[in-house]
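Chain order of the listed sequences is A and B.
The first sequence runs 10 to 248 under our numbering.
The second sequence runs 5 to 300 under our numbering.
Worth flagging that the hints you see were computed from the coordinates, not collected in a lab.
A couple of the hints might just be wrong.
As the list claims (entries may be wrong) - Below 27 Å or equal to it, Euclidean Cα-Cα: the simulated DSSO-like pairs (lysine-lysine) are: (1) A:118 - A:182; (2) A:118 - B:169; (3) B:169 - A:142; (4) A:182 - B:169; (5) A:82 - A:118; (6) B:167 - A:182; (7) A:142 - B:167; (8) A:142 - A:182.
Remember, predicted model here, so these are calculated numbers, not experimental data.
Each chain, letter by letter, is given below.
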Amino acid sequence: MSAEALLNVTGLTAGYGPVEVLHGLDFTVAEGEIVVILGANGAGKTTTMRSVSGMIPRHGTVDFAGTHISGSKPDAILRAGISQVPQGRGTFTDLSVEDNLMAGAYSVKSGVEEDLDRWYGVFPRLAERRDQKAGSLSGGEQQMLAVARAMMSRPKLLLCDEPSLGLAPLITKELFRVLGSLREEHGMSLLIVEQNAGMALALADRAYVLETGSIVATGTGDELLADDTIKEAYLGVVS
Amino acid sequence: MSLFLERFVNGLADGSIYALLALALVVVFRSTGQLNFAQGEIGTMGAFFVSTLTLSGLPVWLSIGCAMVLGFFVSAGVERIVVRPIEHRNPGAVIVALIGVFLAVNQIVAMIWGVDARSLPSVFPDDADDFVTIGGAPIRIARLGIIGVLIVVLFLLWLMFNKTKVGLAMRAVANNQESSNLVGIRVGSILVVGWGLAGAIGVLAAAMLAPSAGLTGTLMLGPFLLASVAAVLGGLDSPVGAVVGGLIIGLTEAFIVGYVDFLGADMLFPVMLVILLLVLLLRPAGLFGTERVERV
Numbered sequence: 010m011s012a013e014a015l016l017n018v019t020g021l022t023a024g025y026g027p028v029e030v031l032h033g034l035d036f037t038v039a040e041g042e043i044v045v046i047l048g049a050n051g052a053g054k055t056t057t058m059r060s061v062s063g064m065i066p067r068h069g070t071v072d073f074a075g076t077h078i079s080g081s082k083p084d085a086i087l088r089a090g091i092s093q094v095p096q097g098r099g100t101f102t103d104l105s106v107e108d109n110l111m112a113g114a115y116s117v118k119s120g121v122e123e124d125l126d127r128w129y130g131v132f133p134r135l136a137e138r139r140d141q142k143a144g145s146l147s148g149g150e151q152q153m154l155a156v157a158r159a160m161m162s163r164p165k166l167l168l169c170d171e172p173s174l175g176l177a178p179l180i181t182k183e184l185f186r187v188l189g190s191l192r193e194e195h196g197m198s199l200l201i202v203e204q205n206a207g208m209a210l211a212l213a214d215r216a217y218v219l220e221t222g223s224i225v226a227t228g229t230g231d232e233l234l235a236d237d238t239i240k241e242a243y244l245g246v247v248s
Numbered sequence: 005m006s007l008f009l010e011r012f013v014n015g016l017a018d019g020s021i022y023a024l025l026a027l028a029l030v031v032v033f034r035s036t037g038q039l040n041f042a043q044g045e046i047g048t049m050g051a052f053f054v055s056t057l058t059l060s061g062l063p064v065w066l067s068i069g070c071a072m073v074l075g076f077f078v079s080a081g082v083e084r085i086v087v088r089p090i091e092h093r094n095p096g097a098v099i100v101a102l103i104g105v106f107l108a109v110n111q112i113v114a115m116i117w118g119v120d121a122r123s124l125p126s127v128f129p130d131d132a133d134d135f136v137t138i139g140g141a142p143i144r145i146a147r148l149g150i151i152g153v154l155i156v157v158l159f160l161l162w163l164m165f166n167k168t169k170v171g172l173a174m175r176a177v178a179n180n181q182e183s184s185n186l187v188g189i190r191v192g193s194i195l196v197v198g199w200g201l202a203g204a205i206g207v208l209a210a211a212m213l214a215p216s217a218g219l220t221g222t223l224m225l226g227p228f229l230l231a232s233v234a235a236v237l238g239g240l241d242s243p244v245g246a247v248v249g250g251l252i253i254g255l256t257e258a259f260i261v262g263y264v265d266f267l268g269a270d271m272l273f274p275v276m277l278v279i280l281l282l283v284l285l286l287r288p289a290g291l292f293g294t295e296r297v298e299r300v
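Please model the complete structure; the sequences and the hints are all you need to start from.
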């Protein structure tokens with residue numbers, strides 16, 4: 010599958026200063042696929058995301074849609090078609106909901122109004138609150154806004170960094186339903202890093218398990234859900 | 005009553021200059037988190053450049069336009085060459101570096117243009133009989149013109165921040181640099197534009213002040229201090245606050261000098277110091293600034 014994969018990462022290493030956090034990751038995301046990288050705190054999930062989106066220096070090969078993007082800057086990677094929903098949502102809290110979405114469309118030349126209408130249709134709560142400051146939204150609404158903002162750049166691949174962080178279970182469920190619908194209705198490919206294994210694996214086609222900077226297991230979502238060590242480590246189920 | 009009106013308009017006119025300078029300080033502070041100590045001196049440099057250009061026969065308004073372009077590039081250069089490389093290593097050291105830039109620009113101005121005072125023509129009619137009478141008070145047209153300049157600048161800034169893509173990017177960068185990067189904004193370029201804009205506004209303020217204050221190397225020293233107080237009073241991250249703060253400081257100055265004999269012009273700066281202390285004690289975020297409370 011790696012031959013025609015949309016995102017093809019090999020030997021990815023990255024870190025902060027002298028500290029290496031990722032020790033050579035290999036993973037792929039095929040077109041239209043939902044891939045989850047499962048990991049505990051400190052496993053390197055956010056570092057992985059930031060390496061792919063070009064936010065930190067990294068080594069190794071990152072190919073996206075047939076182009077090398079390992080050395081590209083964030084704005085070039087975004088224009089190539091990778092958009093990231095950062096950890097902790099990263100909305101522009103002082104800006105209105107609509108300005109957040111307009112900022113998301115910063116790299117888009119035309120047709121922004123149509124995109125706005127489309128995402129307001131998908132997220133009616135955002136349409137109701139379009140003139141409110143993003144900082145006044147609830148955590149769940151801000152996460153939806155972060156997803157909608159990322160979609161405004163018209164990506165082919167959406168990176169989600171721990172989207173369930175700090176959200177109530179019901180809201181998380183709704184969020185994952187929306188993420189699933191992005192694939193079904195908008196043909197998106199998704200790479201999600203999570204520690205909320207249950208819901209993430211249920212959504213995933215394939216998943217990787219990341220531990221202290223290395224991938225230690227891989228399989229389909231269902232396979233990993235059935236795996237006893239995974240259950241113990243990430244679902245709190247003692248067998 | 006007519007004397008009050010005259011002092012009121014004069015206070016607003018001086019306040020407009022402080023407001024412009026404070027706006028420039030706020031534009032930089034919002035995006036970079038730095039107080040640009042060189043802001044006033046870049047303005048002084050611009051005013052001397054205006055003087056050179058008008059002496060060579062260029063119309064005053066065109067000279068001011070050219071000098072604003074110079075101010076844009078000098079200030080943008082300060083961000084690029086001084087602030088950014090140092091900020092990576094030690095954000096606190098930037099303050100010291102900016103004080104260095106302040107001294108450097110101050111000396112460069114003295115080297116190029118000398119230390120003798122010059123007079124700078126006003127862009128508005130400014131002869132002895134160029135006044136209108138409002139409510140019995142003679143109000144100089146040049147003073148009204150300065151207030152008008154502030155209004156026009158505010159309108160243009162409002163348009164830029166709210167109706168253009170670069171304005172949206174500037175607000176985004178001021179709010180969250182990491183996310184700005186993620187939506188494809190080149191944060192570095194936006195910071196340069198912000199500093200440049202502040203430099204241009206500072207030159208405009210100096211060019212408005214110089215005709216009445218006289219053009220010397222220390223032209224912007226006092227106004228810079230007052231504008232800093234204005235910016236803190238209004239809230240260092242609030243453009244609205246900068247304008248309100250500037251006008252309040254201008255009016256306070258006019259009324260203290262005009263009405264409070266035992267304080268007078270000599271005690272102006274101590275009074276401003278008291279205002280500064282009161283703001284920092286009672287309302288550290290300023291009148292319009294955002295208090296840093298965030299949902300985690």
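So, going through the hints one by one against the coordinates:
1. A:118 - A:182: violated, 34 Å
2. A:118 - B:169: holds, 11 Å
3. B:169 - A:142: holds, 18 Å
4. A:182 - B:169: violated, 35 Å
5. A:82 - A:118: holds, 19 Å
6. B:167 - A:182: The hint is violated at about 37 Å.
7. A:142 - B:167: holds, 17 Å
8. A:142 - A:182: Holds, at about 25 Å.
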